[in-house]
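> For the record, the sequence lines run as chains F and P.
Numbering (my numbering) for the first sequence: 1 to 334.
Numbering (my numbering) for the second sequence: 1 to 371.
Misleading hints may appear alongside valid ones.
Okay, the calculated bits of chain P under chain F, using three or more residues with CB under 8 Å as the criterion [what the hints assert, rightly or not]: (1) 8-14; (2) 196-206; (3) 211-223.
Hint data in this document are derived by calculation from the structure and do not stem from the laboratory.
These figures come from a predicted structure and were not determined experimentally.
Glycine is no exception: its CB is placed at the ideal position from the N, C-alpha and C atoms.
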Amino acid sequence: MSLAVETFDIRKTFGELTAVKDISIQINEGEFFGFLGPNGAGKSTLIRMLTTVLRPASGTASVGGFDITKEPDEVRRSIGVVTQNMASDLDLTARENMDIFGKFYEVPKKARQERVAELLERVGLSKKADELAATFSGGMRRRLDIARVLVHKPEILFLDEPTSGLDPQSRRVVWEMLQNFMKDYNMTIFLTTHYMEEAEALCTRVAIIDRGSVIAMGTPDELKSGIPGNDIVILTLSREQENVRNLAAAEGYVHKAQLENGDLRCYVDSGSEDAPRLMKLATDAGAEVRAVSIQKLSLEDVFIHYTGRSIREEESKKVSLFLGAGVPSKLGRN
Amino acid sequence: MRRVFAVIERDMRKFSRNPVIMVMAVVMPIAYLIILGNSFQGKLKGLPVAVVNQDDGYWGRRLDERLKAVAIGPKTVTLTYMSDQGKAVEDVRNGKFKGAVIVPPDFSRRMALGINPEVGIFVDNTDQISEGALTGALTDAVNSLREVFVSVRPDRTVVQARRVELYRMVDYDQALVPGVVVMAIFMGTMITGVFNLVMDRFLGVDEAILMTPVTKTDIVGGLVVSGFIITMFMATIVYIVSALITGITVFGSVSRFLGILVVLALATMGLLSMMFLMLGRANHPRIVGVFSGFMNVIFFFPSGAVYPVEGFPKWLRAFSKVNPEYYAVHALKSIIFKGNPLWAIYGDIVFLLCFLTVMMTLAVVTFKRTL
Numbered sequence: 001m002s003l004a005v006e007t008f009d010i011r012k013t014f015g016e017l018t019a020v021k022d023i024s025i026q027i028n029e030g031e032f033f034g035f036l037g038p039n040g041a042g043k044s045t046l047i048r049m050l051t052t053v054l055r056p057a058s059g060t061a062s063v064g065g066f067d068i069t070k071e072p073d074e075v076r077r078s079i080g081v082v083t084q085n086m087a088s089d090l091d092l093t094a095r096e097n098m099d100i101f102g103k104f105y106e107v108p109k110k111a112r113q114e115r116v117a118e119l120l121e122r123v124g125l126s127k128k129a130d131e132l133a134a135t136f137s138g139g140m141r142r143r144l145d146i147a148r149v150l151v152h153k154p155e156i157l158f159l160d161e162p163t164s165g166l167d168p169q170s171r172r173v174v175w176e177m178l179q180n181f182m183k184d185y186n187m188t189i190f191l192t193t194h195y196m197e198e199a200e201a202l203c204t205r206v207a208i209i210d211r212g213s214v215i216a217m218g219t220p221d222e223l224k225s226g227i228p229g230n231d232i233v234i235l236t237l238s239r240e241q242e243n244v245r246n247l248a249a250a251e252g253y254v255h256k257a258q259l260e261n262g263d264l265r266c267y268v269d270s271g272s273e274d275a276p277r278l279m280k281l282a283t284d285a286g287a288e289v290r291a292v293s294i295q296k297l298s299l300e301d302v303f304i305h306y307t308g309r310s311i312r313e314e315e316s317k318k319v320s321l322f323l324g325a326g327v328p329s330k331l332g333r334n
Numbered sequence: 001m002r003r004v005f006a007v008i009e010r011d012m013r014k015f016s017r018n019p020v021i022m023v024m025a026v027v028m029p030i031a032y033l034i035i036l037g038n039s040f041q042g043k044l045k046g047l048p049v050a051v052v053n054q055d056d057g058y059w060g061r062r063l064d065e066r067l068k069a070v071a072i073g074p075k076t077v078t079l080t081y082m083s084d085q086g087k088a089v090e091d092v093r094n095g096k097f098k099g100a101v102i103v104p105p106d107f108s109r110r111m112a113l114g115i116n117p118e119v120g121i122f123v124d125n126t127d128q129i130s131e132g133a134l135t136g137a138l139t140d141a142v143n144s145l146r147e148v149f150v151s152v153r154p155d156r157t158v159v160q161a162r163r164v165e166l167y168r169m170v171d172y173d174q175a176l177v178p179g180v181v182v183m184a185i186f187m188g189t190m191i192t193g194v195f196n197l198v199m200d201r202f203l204g205v206d207e208a209i210l211m212t213p214v215t216k217t218d219i220v221g222g223l224v225v226s227g228f229i230i231t232m233f234m235a236t237i238v239y240i241v242s243a244l245i246t247g248i249t250v251f252g253s254v255s256r257f258l259g260i261l262v263v264l265a266l267a268t269m270g271l272l273s274m275m276f277l278m279l280g281r282a283n284h285p286r287i288v289g290v291f292s293g294f295m296n297v298i299f300f301f302p303s304g305a306v307y308p309v310e311g312f313p314k315w316l317r318a319f320s321k322v323n324p325e326y327y328a329v330h331a332l333k334s335i336i337f338k339g340n341p342l343w344a345i346y347g348d349i350v351f352l353l354c355f356l357t358v359m360m361t362l363a364v365v366t367f368k369r370t371l
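Construct all of the structure, not just a fragment, from the sequences and the given hints.
Written as structure tokens, this is what we have:
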């Protein structure tokens, strides 16, 4: 199987900050690859380098068989990119948005018209085709964004947090759409997200990125199997957290005990059997158990397992002091 | 080439959905013409002047008649008669009057005897324009006191300078039209071309476009061309409306109108390219607003649109020589008021062409196609 995307120790720095640290990954053709990480982890920076709008500080990458630094034009012709910002023009209708994008890719008129009509139908915007995008809801605009970058039939589709800010229902519609497109158009999809459930639901393989480095990569099941145990017992304790963590870690049935945001997370084989034992252990140690819950392992746990913190702990963005807080600086464009 | 057209189409379509901006960009220069044209043109009228005439003799009454003639005829002054000399001067100081004329009690006697007759003219010299007009009118009134008759035959021994007018009279508001049209062009460059790029960047839309195969030339060229079409349309409307308002012949001959369009086109392309060069990397529309507002003043006033550049200090004259608006205004004045053909203003045309070429090349070269 040939590779759709391959990076070679790719790195990007902004001043003293290294946003992407020597990442080397390989994505096969036809894969739905997820890049999972919190905001500021370097996901968007990597996608911007792969889509030729940011130059790597060192290393390089091949996209669709073309080198991103030496053959950027060829790379751009073979990809479609849905950016994190909703990028369809509000002053244009859905059809105009798509038609103009088709012209950017020099798709012949007849093919363009057919393709636009087909895609509008598939994303459920046929009836709104001649209405201004400004009148669309967030979900509709996102569907238009996706349809717009498919007019030229890209081999590889990059999606930078495509469901960010959408309500759960719209998010599921987008997921279903993406799965169908991938199946019907035989594309490779590279998706960045900070939604665990999105990566689990869509991706055949996932790389977890944190602070510019890939810390784990594999199928969702492989990643989860890399964590000991099947369940996590989460104890919310009022005191003696550290003491109870040490005691739990010493128990044979606890694979790993970890404090995260004040909660004690114990990785065990059977949550239903081990939760009462852990509660007794905590009570005996003088702690007050205020809440207990049992969770199946998820990618969220994989992230916590490797980083010791939740993916939802966002880092603050830097903003341009010159221009004011309304505009993120270059660093803040993640 | 198809991609350039797509960039143009996108920009034009978007602009067409915001007609209010275009209307404002057309209305504002015309309003400027009307306000500036009426603010500066004509002689000053109705300047308030206090008169304290302490001489009731022949020459005192005669001077009074002369002052009244100025007040009634050219209406330069409005007279208020007072008796207190000190109060009159005080009222000039506190701004109630622009000047005061004090005729001393012995004025007639001194006139009759020819021993240094004097009239006091107290003026508010903080307002130079009013002061100049007032001093001129009052001095004329005083100096004409002894003119009893007008000579029928001119003195043949005196050299006569004969004034020959090469062109028809151009009123001040008409003279402003070339400047107003160039200002309309500048305003067009502020709301099209690079502004739309910066707006895309601000909204995060630019990224999606940069990820397509459009090239630097497609983006710069496309936005400049769409800006050109819109700005030319606006400038032509401003020219036609301004000409109609001020009574200038709008079209004249085909070559005259084509000449005007050529100058407008060159100035528009040049200024659009210059704005692209200067603001191609800005990422907030506020920067465009502040910068272009500043540039508008910097380019407009030293263009000779309002005041001849010959009146500027050397350094400002030197700036005018590299100011594209100076050449555009000069070329338009030549065509509109003198009916000159393009070859007669080849210097202006060559400068505008060179300016356009240099600016466009630099705009494309320095434009960054990455984030």
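> How about the stretch 8-14 of chain P: do at least three of its residues have a C-beta closer than 8 Å to a C-beta of chain F?
holds (count 4)
> Count the residues of the stretch 196-206 of chain P with a beta-carbon closer than 8 Å to any beta-carbon of chain F: does the count reach three?
Satisfied; 4 residues make the cut.
> Establish whether the coverage given for the stretch 211-223 of chain P by chain F is satisfied; the threshold is a Cβ-Cβ distance below 8 Å, and no fewer than three residues must meet it.
holds (count 5)
Consistency note: the structure conflicts with none of the earlier hints.
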